[in-house]
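Student: Chain by chain, the residues:
Number of protein chains: 2
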Amino acid sequence: MTGEFEIIAKYFAPLAAGAPGAEGLSNDGACFTPGAGLSVAVTVDAMVAGVHFLPGDPPETLGRKLLRVNLSDLAAMGARPRGYLLVTAFPKDIEEDWIAAFADGLALDQAEFGVDLLGGDTVSTPGPLTLSLTAFGEVAPGRALSRSGARVGDEIFVSGAIGDGVLGLKALRGELTHLSEPDRAALAERYRLPAPRVSLGRALSERGLATAALDVSDGLVADMGHICDASGLAAELHAPAVPLSVAGARALEADGSLLPGLLTGGDDYELLFTLAPDKAGAIEALAQDLGLHLTRIGRMSAGQGVRVLDGAGEEIALPSKGWAHF
Amino acid sequence: MTGEFEIIAKYFAPLAAGAPGAEGLSNDGACFTPGAGLSVAVTVDAMVAGVHFLPGDPPETLGRKLLRVNLSDLAAMGARPRGYLLVTAFPKDIEEDWIAAFADGLALDQAEFGVDLLGGDTVSTPGPLTLSLTAFGEVAPGRALSRSGARVGDEIFVSGAIGDGVLGLKALRGELTHLSEPDRAALAERYRLPAPRVSLGRALSERGLATAALDVSDGLVADMGHICDASGLAAELHAPAVPLSVAGARALEADGSLLPGLLTGGDDYELLFTLAPDKAGAIEALAQDLGLHLTRIGRMSAGQGVRVLDGAGEEIALPSKGWAHF
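Which chain is which? The protein sequence lines are R and L, in order. Take 1 as the starting number for the first sequence in the numbering used here and just add one per residue. Take 1 as the starting number for the second sequence in the numbering used here and just add one per residue.
No wet-lab data here; the hints were simulated from the structure. Be a bit skeptical, because a hint or two may be false.
[Stated by the list, open to error] Okay, derived cross-link-like pairs now, SDA-like style, lysine to any residue, Cα gap no bigger than 25 Å in a straight line:
no.	chain 1	residue 1	chain 2	residue 2
1	R	K170	R	L244
2	L	K10	R	K170
3	L	K10	R	S124
[Said to hold, decoys possible] A few chain L residues that don't get close to chain R, going by computed Cβ distances all over 12 Å:
no.	residue
4	E4
5	A17
6	N70
7	S245
8	E284
[As the list claims (entries may be wrong)] A few chain R residues that face chain L, going by a derived Cβ cut-off under 8 Å, partial list only:
no.	residue
9	P34
10	A41
11	G119
12	P126
13	G127
14	L172
15	H293
16	I316
By construction, the Cβ of each residue, glycine as well, lies at the ideal position given by its N, Cα and C atoms.
Taking the hints into account, I'd like the entire structure generated from these sequences.
Tutor: Written out as structure tokens, the structure is:
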């Protein structure tokens with residue numbers, strides 16, 4: 001195995017080439033200067049082999065997913081991404097080819113999202129491959145979106161499509177055999193490479209549209225519950241309104257029992273946000289600007305907790321409200 | 001075991017109480033606003049049970065050490081600490097008492113160093129306990145200390161005492177039985193709770209004294225090598241000048257074979273820095289201001305590599321130049 005410093009020089013330093021403040025990863029840390037008067041938004045997410053990803057997942061997409069998950073958190077705050085730090089805890093028997101492919105994937109997403117590696121730590125572990133990524137962004141002071149500002153009567157919107165993450169995981173596990181191969185591939189791609197809604201988050205912040213926002217990572221219902229808890233309110237979601245992808249809709253049509261899993265499965269990385277009812281027109285304009293579906297799926301009310309209603313207005317019983325580690 | 005969200009609410013949210021931008025850890029990330037016109041310094045370090053610490057190490061000091069190691073990196077850049085993010089990957093069987101003691105330790109150091117928890121991620125792992133901490137600071141643009149600015153003829157200084165980290169680890173492993181119990185306890189304390197030289201780093205940056213700097217984590221000789229590599233120069237270190245603590249000096253006096261280990265062992269978290277010879281007077285004044293020993297241990301020269309000389313001017317052969325993960 002190549003040494004720690006050689007790995008950094010060969011595979012990670014090139015990812016920092018665009019960030020002068022990273023000094024080629026030769027320093028104790030890195031510096032960057034936010035735009036004048038801007039606040040810094042920070043977030044971190046970790047992924048453990050066997051917990052957050054399948055041990056055989058391709059290295060080309062693994063780093064990209066971790067980066068995107070963090071960019072999704074920045075999007076949920078309305079922040080513009082600036083850079084990131086990466087911690088890799090590698091088992092001693094990791095292959096150099098694996099690291100090369102992992103870094104190649106990150107390079108693709110750095111170009112796509114306009115961020116650079118600023119630094120990190122490369123260590124060994126006797127346990128499973130463990131990755132941790134800290135992302136930095138910038139946002140106007142006081143304009144960061146949060147979970148706590150929803151008001152009674154606010155409309156609840158979600159971007160894109162819900163459920164592809166959990167369906168993609170099923171497809172990769174060999175389930176969903178009633179779907180066509182292209183549908184399963186499309187869902188797997190969405191699981192491996194979620195699309196962080198960076199432009200949407202920035203627009204919601206800059207245009208002052210959202211009263212509360214987060215990204216759907218734990219599951220639509222659980223994350224809706226986070227907004228309710230933080231805002232001291234209740235929410236009612238209309239299951240038939242929840243937007244699905246073409247492949248997701250076909251999966252549900254063929255097997256209606258998938259519905260609870262779609263609503264609670266998580267790994268969607270869409271933005272879930274609330275806004276005053278008189279802002280609905282502005283949301284339509286924003287959806288057109290971004291070329292992104294923004295769908296009204298419910299309403300905030302006094303009380304607590306999340307109720308999910310079917311087409312007849314009956315509450316749907318959900319076996320689980322989302323993913324928890326313990 | 002208490003759930004993920006309960007752990008965060010019960011043990012980690014109180015650590016974020018002093019940081020308004022953390023919103024009680026209820027958000028996707030956190031915000032902070034650097035002082036007007038300042039750059040942001042970022043650094044991250046990870047610790048894996050069985051690799052970076054002893055599995056039985058007390059939780060009270062473990063989090064503090066991880067925080068201090070990162071504050072030491074900020075010190076090496078001359079940055080003022082502002083806050084941190086914490087990733088905890090806990091084995092499923094971790095005891096709640098362990099987490100409580102871990103958080104109590106962090107609270108002590110937050111008060112000592114004036115930083116707050118801003119956010120993080122709490123996940124489970126089938127492997128060893130793994131911790132990762134990202135620290136943020138602020139520094140005047142262009143004034144961050146780096147490893148690359150040393151010049152031929154610069155004096156080499158180091159703060160505090162070298163070798164206590166590796167001796168402390170030996171003491172905790174039951175070695176160094178020729179030392180008194182108080183000496184072994186003092187060394188163990190230094191291993192478990194290094195003193196990040198935050199005030200020194202800031203002063204070196206603000207007063208424009210150092211041409212290059214880093215903190216001694218890989219080992220004095222290996223870290224001197226990092227400055228040499230980054231600056232394109234060579235260094236000559238005088239082993240008899242390397243400052244030792246009282247306990248460290250007694251250990252070496254009783255067993256001269258410890259010397260190579262002291263020079264290469266790492267985990268010191270002292271600042272190693274270079275400066276123009278005409279700045280020696282300013283360093284004396286700074287040492288007095290800070291109440292901290294600052295000791296001249298060598299000189300930069302043209303060439304490459306680090307030579308360590310004994311009292312007779314002969315080069316000391318060193319079996320290893322520092323810690324590497326792979």
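Student: Take the hints in turn and mark each one as holding or not.
Tutor: The hints, checked one at a time:
1. R:K170 x R:L244: Status holds; Cα separation ~16 Å.
2. L:K10 x R:K170: Distance of about 34 Å is beyond 25 Å: violated.
3. L:K10 x R:S124: Violated, at about 31 Å.
4. E4: Label violated. Min Cβ-Cβ 4 Å, cutoff 12 Å.
5. A17: Nearest chain R Cβ is 16 Å from A17 of chain L, so the label holds.
6. N70: violated (8 Å)
7. S245: holds (23 Å)
8. E284: holds (25 Å)
9. P34: With Cβ-Cβ at 6 Å, under 8 Å, it holds.
10. A41: Given a least distance of 5 Å, the restraint on A41 of chain R holds.
11. G119: This interface hint holds because 6 Å falls under the 8 Å limit.
12. P126: holds (6 Å)
13. G127: This interface hint holds because 2 Å falls under the 8 Å limit.
14. L172: violated (20 Å)
15. H293: Violated, about 21 Å.
16. I316: Violated, because the Cβ-Cβ distance from I316 of chain R to chain L comes to roughly 23 Å (cut-off 8 Å).
Hints 2, 3, 4, 6, 14, 15 and 16, counting from the list given before, are not met by this structure.
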